[in-house]
Amino acid sequence: MSDLIDDPAPGQNAPEFTVSEISGEVKRTLESTFGRIRVRGEVGRVFKARSGHLYYDVKDDRSVLACTTWKGQVAGLSVVPEEGLEVVVTGRLTAFGAQSKYNMNVEEVAVAGQGALMALLEKRKKQLEAEGLFAPERKKPLPYLPQIIGVVTSPSGAVIRDILHRLRDRFPRKVLVWPVAVQGSNCAPEVARAIEGFNRLTPGGALPRPDLIIVARGGGSIEDLWGFNEESVARAAAASDIPLISAVGHETDTTLIDFVSDRRAPTPTAAAELAVPVRLDLLAWSENQGARLARAAGQAVQQRRQRLNDLSRALPRPETLLETPRQRLDQASDGLPRALTSVVQRRRVQLSEASAALRPSTLRQLVEGRKDRLRNLSSRLTLRPIQQDMQRQKERIAQLGQRLDAVQRQRLERQRQQLSAAGRQLEILSYKATLARGYAVVRAGDMVVTTRSAAQQAGPLQIEFSDGRLDLGAALAPAAAMGAADPKPKSKPRTKPKTGLDEGGQGSLF
Amino acid sequence: MSETQTPVEEMSFEQAMAELERAVDQLERGDVALDDSIALYERGAALKKRCEDELKRAEEKVAAITLDASGTPTGTQPLDAG
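From first to last, the protein sequence lines stand for chains D and L. Heads up, the first sequence is in the working numbering, so the first residue is 1 and it goes up one at a time. Heads up, the second sequence is in the working numbering, so the first residue is 1001 and it goes up one at a time.
The shape of chain D in the complex, shown without the other chains (with noise of 0.2 angstroms):
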């Protein structure tokens, strides 16, 4: 065969294709030899054209599969794709003869396994939280007692039954259901559609504006929910002005509508419970306010009056106000005219009194009594008590005088005869009685010489005898040994008022 190639020849009979021909032929064979498949890949880039087309690559880890869905393909896809998102698309492979180049027109987009689905979900959990739409400051209060209540779900089937029949039970309110699918590839924008829609709706309009939705549906599988874990639906909700309950699913079923909704309720019936109060609870609280504020009214009245009677009471009356007060001022006037005369009465006597004793006669008789006593004292004024006292002391002196006289006469006396007295006794006692029994006192000038030796050294010696000394010697001078015969005259000089006194004295030659 190669030989044959290798060797052309002109007139061969192996057709000729134009590079059109060729490429619509591929383009056939390629549309006709494998019909609608399903591929399953990771999505790569994605790029939407503006003419609404969106062109992407589906890859795994060796070929890449350009994609595309045409606009009015878009809104049909359950799962729009995102680069990274494991997915199975369904469509029919085709080519691109302009180019040569062939792809695939894809219809639906599925996620491709749940561990695909929660990656998906936790990436967008993680971005809107980034965007804060989570945060609790967002979170509007639902009201106590909404008039209309919005309800987004499926008209027909369990959910809406439930909700209305709890809502029945505790409190009937008008209730706007706005129909969606809850499952498929149109539950999403029909979800959102319908918070946008409600939102829109102005209040008292033709169609009432509610003032809570309640976004419900039922428990399935997360493929069934999925269409609450959309971006799109998400983000109506996080958007809506009306305060949103999100009731999807059951407990444990937790969708991306439930973060951002105001409340979430674990179904669609506590959905109705958190939206409105007992209404019978509410007729009897409002029963008891009623009663309680009669109550209070009544009582607040009561209570004043009582307290006015009290008061009343207490109060004394005016004319015991004014008998006190008029009493005293009776007595008081009464006494008033009374007290002017007696104070009158009172000073005129005082100034009697006191006027009586001014008269010039007493005065006459202070100046004459004062007269007669100076008269008196003056004639008591003499010179003979002075005289009588002189007499008296003239008398005493000259008494004193004879005692005086008498007493020294006495004195001399007793002295005398002490003098004498003692004179004898000197005599007896004297050496002068020896001397004339024949003794002598030899003398040495004053000295008395007692001894022969004492007598050799000595000057001339006197001799006293009992009749007079003898001078040896010298003999001369008998005056001086007259003189040395008597040395007490020394203290003969005697004043008399001493003599009583001082006996000690030797009497001299008195």
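Hints in this document: simulated from the structure, not taken from any laboratory.
Restricting the straight-line Cα-Cα distance to at most 27 angstroms, the calculated cross-link-like pairs of lysine-lysine (DSS-like) are: (1) Lys1049/L <-> Lys174/D; (2) Lys139/D <-> Lys126/D; (3) Lys27/D <-> Lys48/D; (4) Lys125/D <-> Lys59/D; (5) Lys59/D <-> Lys48/D; (6) Lys59/D <-> Lys71/D; (7) Lys174/D <-> Lys139/D; (8) Lys123/D <-> Lys48/D; (9) Lys1056/L <-> Lys174/D; (10) Lys59/D <-> Lys123/D; (11) Lys1061/L <-> Lys174/D; (12) Lys1061/L <-> Lys140/D.
Stretch-level coverage of chain D by chain L, calculated; a stretch enters the list once three of its residues show a Cβ under 8 angstroms from a Cβ in chain L: (13) 174 to 187; (14) 296 to 304.
Glycine residues also receive a C-beta, built at the ideal position from the N, C-alpha and C atoms.
Dock chain L against chain D, hints included.
Then chain L, alone, in the frame of chain D:
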């Protein structure tokens, strides 16, 4: 006494309820001047009436919204959800 004095008819049930509760409390405490207590009672009575009216108007009316082809609401139709 409520300084705001929103007309009772314009109050939501919840507002009316809260104010009625306050009015009752104040009256029961008995520290309201007599004039004020009468006014307060009248307002309380109006509030109670408002609450009761609201409670009486517990009508059930369920409607489903009808949509046109583009998903825009066009009106309502009674819904019989059984």
